[in-house]
Amino acid sequence: MKVGVVTFPGSLDDRDAQRAVRRAGAEAVSLWHGSHDLEGVDAIVLPGGFSYGDYLRCGAIAARSPIMTEVIAAANAGLPVLGICNGFQILVEAHLLPGGLIRNNHGDFVCRDQRLRVENASTAWTNGFTVGQEITIPLKNAEGGFIVDAETLKRIEGEGQVAFRYLDVNPNGSLDDIAGLTNAGGNVVGLMPHPEHAIEPGFGPDTPDAMRSGTDGITFFTSVLQSALARA
Amino acid sequence: MNALVDSVATAEATPEKEQPYAALGLKADEYQSIRDILGRRPTSGELAMYSVMWSEHCSYKSSKVWLRQFGEKVSPEMTKNLMVGMGENAGVVDIGEGWAVTFKIESHNHPSYIEPFQGAATGVGGIVRDIISMGARPVAVMDALRFGAIDHPDTARVLPGVVSGISFYANCLGLPNIGGETWFDPIYQANPLVNALAVGVLRHEDLHLANAKGAGNKVVLFGARTGGDGIGGASILASDTFSAGGPTKRPAVQVGDPFAEKVLIECCLELFAGDLVKGIQDLGAAGISCATSELASNGDGGMQVSLDEVLLRDPTLTAEEILMSESQERMMAIVEPDKLEGFLAVTRKWDVETSVLGEVTETGRLIITWHGETIVDVDPRTVAVDGPVYNRPLSYPTWMDALNADSAEKFLRPSDGATLREQLLTLIGSANLADKSWVTSQYDRYVMGNTALSYPDDAGMIRVDEESGLGVALATDANGRYAYLDPYVGAQLALAEAYRNVAVTGATPVAVSDCLNFGSPENPEVMWQFSRAVEGLADGCLELGIPVTGGNVSFYNQTGDVPIHPTPVVAVMGVIDDVGRRVPSGWQDSGDNLYLLGSTHLELDGSAWAGVIHGHLGGKPPKPHLTREHDLAELLSAAAHEGLLNAAHDLSDGGLATAVVDASLRFGIGARIWLDELLERDQIDPLTALFSESGARVIVAVPREEDVKFLRLCEGRNYPVARIGVTDRGADGAGADLEVQDLFTISLKELRTASRATMVEHFGAVVGYAADLSGSGIHRAPGGGRISE
Amino acid sequence: MPTIVVEVMPKSELLDPAGKAVTGALTRLGKSEFSAVRIGKRFELTVDGAVTEAILAEAQQLADDMLSNSVIEDVVRVYVLEKTVLESAPA
Amino acid sequence: MPTIVVEVMPKSELLDPAGKAVTGALTRLGKSEFSAVRIGKRFELTVDGAVTEAILAEAQQLADDMLSNSVIEDVVRVYVLEKTVLESAPA
Ligand SMILES: Nc1ncnc2c1ncn2[C@@H]1O[C@H](COP(=O)(O)OP(=O)(O)O)[C@@H](O)[C@H]1O
Ligand SMILES: [Mg+2]
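Residue numbers (my numbering), protein chains in the order written: chain W, 1 to 232; chain H, 1001 to 1789; chain E, 2001 to 2091; chain G, 3001 to 3091.
Since the hints were made in silico from the structure, they are not lab data. Positions of the beta carbon are idealized from the N, C-alpha and C atoms, including for glycine. Hints may contain errors.
Stated by the list, open to error - The calculated label-pair distances, taken between Cβ atoms and stated as ranges, are:
id: 1; chain 1: E; residue 1: ALA2050; chain 2: H; residue 2: GLY1087; range: 50 to 60 Å
id: 2; chain 1: W; residue 1: GLY132; chain 2: E; residue 2: VAL2080; range: 26 to 36 Å
id: 3; chain 1: E; residue 1: GLU2082; chain 2: W; residue 2: ARG231; range: 56 to 66 Å
id: 4; chain 1: E; residue 1: ALA2025; chain 2: H; residue 2: ALA1149; range: 16 to 26 Å
id: 5; chain 1: E; residue 1: VAL2080; chain 2: H; residue 2: ALA1028; range: 50 to 60 Å
id: 6; chain 1: E; residue 1: ALA2025; chain 2: H; residue 2: ALA1022; range: 49 to 59 Å
id: 7; chain 1: H; residue 1: GLY1372; chain 2: E; residue 2: VAL2080; range: 53 to 63 Å
id: 8; chain 1: W; residue 1: LYS2; chain 2: E; residue 2: GLU2053; range: 43 to 53 Å
id: 9; chain 1: E; residue 1: GLY2049; chain 2: H; residue 2: LYS1027; range: 18 to 28 Å
id: 10; chain 1: W; residue 1: GLY107; chain 2: H; residue 2: ASP1275; range: 44 to 54 Å
id: 11; chain 1: G; residue 1: VAL3080; chain 2: H; residue 2: ALA1022; range: 29 to 39 Å
id: 12; chain 1: W; residue 1: THR152; chain 2: G; residue 2: MET3001; range: 50 to 60 Å
id: 13; chain 1: E; residue 1: ASP2048; chain 2: H; residue 2: ALA1022; range: 55 to 65 Å
id: 14; chain 1: E; residue 1: GLY2049; chain 2: H; residue 2: ASP1036; range: 33 to 43 Å
Go ahead and model the full structure; you've got the sequences and the hints to work with.
Rendered as structure tokens:
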């Protein structure tokens, strides 16, 4: 199985996402923002970072790059796409997921080990979790505040499109403590925290067992392998 | 002849023309030597170049004679792993397995006072470009910061600006922040110190030096366009007091664009990997003046460039302004003609604007043209290398003896539990010892996925090789209070502390970089402080057997006539063969034995206790014990290697008491401490045991099953060791305590509240504090597994 | 060279935390005459040559498609900058 | 309620990284009629009650002291919003 990781100018966590894909047992394929070729991958990760410096709006310029034309088409055709942090912002700017992500309500960048509750365990990227499962994933961003109009909020809540919710503390003022979303098809998932930074003992978040031993993030990547097998 | 251009021909024709050398920061005799070198008056372009390159900031004219010691006081042992030593953009150290590491620390103090956000941001940008120019991939940053009083209104402007500037730039570059310092002292009120460190890694074969060799090779400028920002920055901002601000019609500040720099990093790495460049030089202070003259001096000595080819952001810039502009995110490369096409293909791929300015020659002259006229014709070495060198007068400060005589021993040392408890709470809530999450939670510590240690551990640690686990640890330290009392000793104590902070992680210290922040070199007392600090550092490095690989000097840090405390910031790098064996600074388990390594003396002068409890600074700083530091580091590395340590934390500001508080709060596990044996052995009182700042001391947590082995190790190495307590998670649900037997007990909750309140009170909330006052806590079952996989 | 200005504001129904933070700061400073602050963006597009109807339409299009995100923002105004207006203060 | 608008732009001599990134994006999209973009801020201050000269002066003061950073930004304009002007597009 091949999972593509797109590099935009200013992507930062692209190599980390590739490492996560490899550790989950898949082949990581590096995709370039300026190309129209998805190289036959079975799933795509839009990684974290500051594409184009996040200068206009986070993800806005990247969402209009050549490769995104293909990503949008493929996503609409059911290909699994995961947007992490900046990738989530790109998905929102590309209208593959609803709402918008704006400056954190406290105004600053924040990096912390964040507890989350899994709200939807039937997407391509979350099927290895169970609903209600509590996981810890590093979060690091300045613009992760999710906003959306009241009507859409009601709809996505009602239709189970909230994939993850913040526990303990809402680190950015997101509506309804929303940390991540899925589309109606369950193939497109976006979230602000970084699963690719909780995949390897020694380099993840602290856990009750030992320092930096958290590996909850690997399940995102093993889930997509599972769903690809199921589809095959 | 073009009337608007001050060409060489014009200069020859108008020898008597008055030139504004003084406004550019040159002294009359310096101006005269430029005339002597050239045999005529300089053109205005040449004057611009000489003035920035001969500034204190670029030429090190006051410090050079002293800095030589770093190269002279070395043993063969110290240089055997040094691939590149002092004098290059950054030193390079062989760390084994074919890997090399380059690191350097640099100041951006004055710009950060004027515009804290942009000043600090561009400080990070500048040091990272130094690392790139060596052929390395930058992998982490650190920041050593000093501000005025925590409650001064201007600190409320400067600190948040500086922190968000660093956060903005480094986070956007994708470099984890793995440590630093945040100090407050009124002495830095109008002169904050912003020292940024960057570290990069490379394979041995990827090492590149910036020099212009090979006649006919192209000189290429790439990256951001050149604009009018930061003109005069090098000479006026970085090496003069604010009161003396010179005339600047262009803005003195520079605006950073981390996105442009991130793209530049990837672009440069691809150029190096494709073997498309001979060398790359970063553009920092003095911009094109510096890059052309340094590249030429380090190469075959000749270069011909046309300024008309420089891509401008502002078309109204004059030639002199182009030469002096400090626009950020620019690089200059030397490219062989047949590789130029490939070079341009890579810069085009990354959308990086590029222009060919000229080529390397064998003339020995740096010739710069503009609008068809020659405006610079110089021997580049006279600009970049053979600048003025001063042996500035020194004088032993008149106030020194009285200061040293005023010891903190005059203060009563209470021994009752209630007072000691109170003093401990005051200390850990004091500005310098309080929890710094307000700062560090704004920094990305995860990006790149190789961070093995970061805040709040004693050193940051980065994995270099994913297969073997080979890694490096880094710490920065300085204590301006100690250095004020004795600059020689103060520099050694900074070195010792950074060294120890690296050693406690299990890494072996191997190299040093430093950033020497001082007042005006024209003040003989400051010059004395400087000379003593350099001597102390050089002697200390020789004694420890680790070389200084590079660094930076920042003079003129003063408000009016009052210089800052001498502040030699020392960065130490260490190597560890498997980061999986790293040791954190906090207890991880209940029931571990706590051992204090080293001995404690009555050394309270200049201590946090004297400063915080008594508002006092006087006497003589603690005695450095460098050979013991060395022995201690070897002991720690051996113990870590054998897996005997669950935690190790060095003792520094605030002594044993704050060390046990830090170590307890790290994972929310408490401890019971007893002092009797220590008091008896070292002949000290309880207050001295708790708050003295004697060096070469570390507290370690040893799992019971490793006790025998550990003690045998200490005995074998003849290092003083005393069992002073045991870690204790506390009864189920009750939360843990820190108990100092027969004196006092404080709950971790109360300690955490005291430690966290200070920064929050002055700068605002920290995300997550309210939710987790009980601590994030590792609550591992006894006998749980080790850190590594 | 002529300049086209594009003004974009956060949708009034949606949260504007930055504006809220400034409002809070004003209240703390005792400037209660200002009851709310909202923060949007102001773009200046430099046009090479004259501003034709077509170019203005193009700018409007850009404002809608790229310079703003219609899910969370409104384009308030797109207009050609009259240099003379600019220099003076209160209009 | 009346609204005072404050317009702030990055100083023209200084780099505007955000504007530069958007200019680059426009070039890639083939919109070369726009040769440069600069991005500033637009504040809307809601005033409780009538806008007196004093309040306008206060807003100007705020614009200079707090809403902009004079080292790197210029206050372009401070004015009272005429609702009618606002609704229509090109002025
Ligand atoms: N400005 C900063 N940036 C990054 N890390 C910081 C900063 N200030 C403090 N720290 C971190 O906080 C912790 C405690 O700092 P400090 O008390 O200075 O350590 P030590 O006494 O061990 O030198 C360390 O992990 C240090 O790296
Ligand atoms: Mg320490």
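Which earlier hints can't be squared with this structure? Of the numbered hints, 2, 6, 7, 9, 11, 12, 13 and 14 do not hold.
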